[in-house]
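Chemist: Listed below, chain by chain, are the residues.
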Amino acid sequence: MEKIHTDELPLTTNSSEKQETVCIFGTGDFGRSLGFKLLQCGYPVVFGSRNPRMSSLLPKGAEVLSHSEAAQKSDIIIIAIHREHYDFLTELTEVLNGKILVDISNNLKINQYPESNAEHLAQLVPGAHVVKAFNTISAWALQSGALDASRQVFVSGNDSTAKQRVMDLVRALGLTPLDQGSLVAAKEIENYPLQLFPMWRFPLRLSAVLCLFLFLYCVIRDVIYPYVYEKKDETFRLAVSIPNRVFPIAALTLLALVYLPGVIAAILQLYRGTKYRRFPAWLDHWMLCRKQLGLVALGFAFLHAIYTLVIPIRYYVRWRLKNLTVTQVITNKDSPFIPSSAWLNDAYVSLGILGFFLFVLLGITSLPSVSNTVNWREFRFVQSKLGYLTLILCTAHTLVYGGKKFLNPSFLRWCLPSAYVLALIIPCTVLVIKFILIMPCIDKTLTRIRQGWERNPKISSALNGKTDI
Amino acid sequence: MEKIHTDELPLTTNSSEKQETVCIFGTGDFGRSLGFKLLQCGYPVVFGSRNPRMSSLLPKGAEVLSHSEAAQKSDIIIIAIHREHYDFLTELTEVLNGKILVDISNNLKINQYPESNAEHLAQLVPGAHVVKAFNTISAWALQSGALDASRQVFVSGNDSTAKQRVMDLVRALGLTPLDQGSLVAAKEIENYPLQLFPMWRFPLRLSAVLCLFLFLYCVIRDVIYPYVYEKKDETFRLAVSIPNRVFPIAALTLLALVYLPGVIAAILQLYRGTKYRRFPAWLDHWMLCRKQLGLVALGFAFLHAIYTLVIPIRYYVRWRLKNLTVTQVITNKDSPFIPSSAWLNDAYVSLGILGFFLFVLLGITSLPSVSNTVNWREFRFVQSKLGYLTLILCTAHTLVYGGKKFLNPSFLRWCLPSAYVLALIIPCTVLVIKFILIMPCIDKTLTRIRQGWERNPKISSALNGKTDI
Amino acid sequence: MEKIHTDELPLTTNSSEKQETVCIFGTGDFGRSLGFKLLQCGYPVVFGSRNPRMSSLLPKGAEVLSHSEAAQKSDIIIIAIHREHYDFLTELTEVLNGKILVDISNNLKINQYPESNAEHLAQLVPGAHVVKAFNTISAWALQSGALDASRQVFVSGNDSTAKQRVMDLVRALGLTPLDQGSLVAAKEIENYPLQLFPMWRFPLRLSAVLCLFLFLYCVIRDVIYPYVYEKKDETFRLAVSIPNRVFPIAALTLLALVYLPGVIAAILQLYRGTKYRRFPAWLDHWMLCRKQLGLVALGFAFLHAIYTLVIPIRYYVRWRLKNLTVTQVITNKDSPFIPSSAWLNDAYVSLGILGFFLFVLLGITSLPSVSNTVNWREFRFVQSKLGYLTLILCTAHTLVYGGKKFLNPSFLRWCLPSAYVLALIIPCTVLVIKFILIMPCIDKTLTRIRQGWERNPKISSALNGKTDI
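Line by line, the protein sequences are chains A, B and C.
The first sequence begins at 1 in the working numbering and counts up one residue at a time.
The second sequence begins at 1001 in the working numbering and counts up one residue at a time.
The third sequence begins at 2001 in the working numbering and counts up one residue at a time.
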């Protein structure tokens, strides 16, 4: 009795009977791969083709029919055809009426057409339920099973039933459907696979400009200046010495730029006396690419670390140390041990190592799989507390390093200070402002503002801030 | 015909008709962000507010009504109100009868109230189905889409239908619902976002105590002793030399502590002659935080590696090497090459590098996304076989390093042996016991015990061990 | 009204009423752990046992009955019994008729039986719906909640309803079900937990052979040759110097082998004039383990980096540098600074660092969680463009390093060239062919072929290539 009851209850459409047939229009690479994968997962597959006889390349077990015959066999029709050839579908409007059409097409350029391919399809076959899906998956990955890149399938569509059924299909193939809402989202979904690291563009450009400027600055001070005044050929410095000046400065500056927008936002909120006003667009954008800025900074810090560790292997350094020793022997001068130099040197090395260690920790916690296992309190603790500690350690590292150089007589060259002085401007500014912001009186006001308090309250938010989440 | 059939079949509640309306009580930050996101995903949203006119900050497209009017429009009501203000809901009990109330609230402290907010809500509105959800998600993340931290939404509730519908909602927003069972689990779910690395607390405290002890030990031996007996100022050692003694010892000790509980557990099982008795609580807890212990150890090993690589850059080291050379020239003594010293030195360096390499590999495989792609056999292979190999290499590294120092006359200072001797105690103990445990006769008994065999069998487990999984 | 409507609509089987009961046959470790977890998630659990009285070890709240009584209580019966004891189920065929039997068993060896355990079960109880699931999860992980390794549960079965219900169960336990199709897939699913890094086997074996060959080669040139001709004991080189020759060569060769199959495939496609013919099996296999090859290469590059950075700490190096200085003082010879040497040395160091940096970047992007967040265009950009840049930098690093050595008179020893010369063969070959392939005329043809064009077209693919995706 119980058994019968179970079998009759429809759990989902495609479970009380056999797996439903899926129809694929088009026998190109992606169509065949998808068909192959569907067959593997137990779905009967029928291909719709202009030329149904030719099936040498099609996966075994698939049927090949004319478009209209194939369409009649299934509720779900995957349109594996380029947008330019959609027109013939208008002849099939009657057969396609009420069917679910899955648009999987991609374009060659971002915003190539005024409306998305999926919306275009919906206009051509108004009686069908168009769902956008699968366009982010590669044919090769589907067939080989080597889903190294994303398993995420963005799905959008105006009809929820249709969308749900396509999402079930996606899930059955071992992929992860992500509902992106109505068909309006199709445009963004079609642009997605054409993007090339959009969030990284600003950080990378910024750091390129920064590096170029610092490189030229260092070339002028360390290569051209000695050449002009002392006729010394110091060009070999271009390979290691100058990069090892550019990279740490870029790293520290970018790290400070990660924390600068937060400080600016706090000042804005204090000034406005409310958190209920949008930040300017540039600040919003800056806040959203902080992670990328930080990772670029970490890259530079990593390069700086290796370039530093490699110093004693360099021919120039070995030659200089040897000559120093030889000179000392020949001149018979004593070189006493100066504890304060040892202190300064060891302190700056140690601060750098600890700063780099925390920086690497920050980098690891920003890996998607790691940040996914921490809660928001932990995430904020790492990114804010540990992040500021990193900034403090790295700034101190640079300051102590400078401590030695201030004693150096050849400090200014053509009125240009040492490059590391430039590195200190932004980090010190950020740290000073942050220090002011965490002073009790200011911090209290800021906390109240962030909890919803307003200096010139409108009624709504005053109420909201008190009772609602 | 076929088409009509499809459209009429209810796949899930919210797919045969338009997306169902969701009601949100409260117009605070989180309420608005959630409303914004729901609208984006195609759900009609209606806000319930005490003051329905004010809607300047609310997302476009949302309706604002009084609480009771809003509640009538939807089956699912999200309660975005602080627990302290739940009381007014008692006035709405009639309207809320049979509705799904989603409690998204958090507290300020762990275990702030005797019962969870969700259970409190269920007591206030006994006719409604209360579901706990969304409390681990941040408003900012919802709105900006920057879900850097967790996408996991813990869901609990006593009514399965209600829970299922909330889980569908969660999924539709692109988040991952995790069913945590009945509403009793709400307490734990509410505590979760307030936790700060609970599994890391013991390993971090342990290593802090360990580091402090080792630091003081080294200060006494390497700074105070020379000062007392030779009046030498060696305080500069505090910055690099002593940390580079403390870190490797801490790393090796913690790594050994990762494998010690497994060895203790094996001895306990051998002694008891059965695996069907619980381990003491401290052992269970220790076993569960082995991963964290190992990662802290890896952190120390990383620091040790950089502190070591930085040695030739240090002022003190350069000064000493220069002075050694100068002395050799002046005294005109020959310094012959000693192959055995080269062997010892190179062997210990090489063992350390290989040990560190394997240690980094272990760390990488413990990343959630990597460990998620291996099966249990592979995971155990890496964590056990590779782990023991790492421990052996690192212990050998320390032993060979010591090999040089035993020849040193200034071995004991104030009866204190060199710090590295302390480092060897636990690792050597673990390795010796492990070596005994894998001897065939003992290993065979242990394997049988782990397969369910008992020395003094009770009937049940004797049977189970033989036939059941 | 609305409320009642909601409550009556069956969302899924197990939501309109209380959670359904789950039956577990067998009270072994895994059975008990699964029962414990199911109870935790709100499912009533009933155990079927030969000896229903003994329940001391069973989780609290579970019922224990005889097999046939327990089976009657539930639709889903989890068979937590070893395959060898399945036979008694034939006595229960009547009770089990129409039930869902979940086979969770594993074997001790790959392909231990001609047919999978699940298929065997289906033959024994033909009236039941057998579903394979849970076999990849460990009992310990289920009970402790420490799901460090995979959360993925592979599910297969011939009946879709049954499979769906088991998948719902899997999801409710916080695990991720992956539909693997019909019960034929059970064999593969049962083999999965017995696998030990199958994709890594070829890369690891290849690199083991490569390392052994290079090691012997270096031992002959650097240890045996000086011993035979100069009676010098250079055996201490075995520990650091020779590994630091073997590792970089292995790294560069393996990195080149990552890009070689792509180049071969391109030549094959050009030669055949079509992409619609399968590559030979060895090439397919080689293409699929490129990621593993690259990661092994990265491991060697990492070792090479540390072995290099450690050079100035070595006793041998310090002794040699000291002696060089002493000799210079004694012979009173001047050692002038040679800028070209400084250039060569710094350039090769810098190229190596940059190459290593990009290599590490490639490694990070191949982490599952990172590669999951990039789209295909980005993934291909990183793995192809950045990959070739890495190969170019590393090859240039080796070439410039060689640049110094060509000046060395002791170039050939027993007609054997320096080991690094071997390292250059494959990378240079790959780069030269790639350079030819990207020349406009050839690149154009290749691109057309990859878009579906054929030199000797058959009708089908000519059409497909033009219009279908």
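These are computed hints drawn from the structure, not numbers from a lab.
Remember, predicted model here, so these are calculated numbers, not experimental data.
Among the hints, erroneous ones may be present.
[Said to hold, decoys possible] Restraint-style ranges between C-beta atoms, simulated for each label pair:
#1 A:Cys441 x C:Phe2337: 57 to 63 Å
#2 C:Trp2200 x A:Trp414: 37 to 43 Å
#3 A:Ser335 x C:Phe2337: 18 to 24 Å
Note that CB positions come from ideal geometry on N, CA and C, so glycine has one too.
Chemist: Look at each hint and say if it fits the structure.
Modeler: Okay, the hints, checked on the actual structure:
no.	hint	result
1	A:Cys441 x C:Phe2337: 57 to 63 Å	holds (60 Å)
2	C:Trp2200 x A:Trp414: 37 to 43 Å	violated (57 Å)
3	A:Ser335 x C:Phe2337: 18 to 24 Å	holds (21 Å)
Consistency note: the structure conflicts with earlier hint 2 alone.
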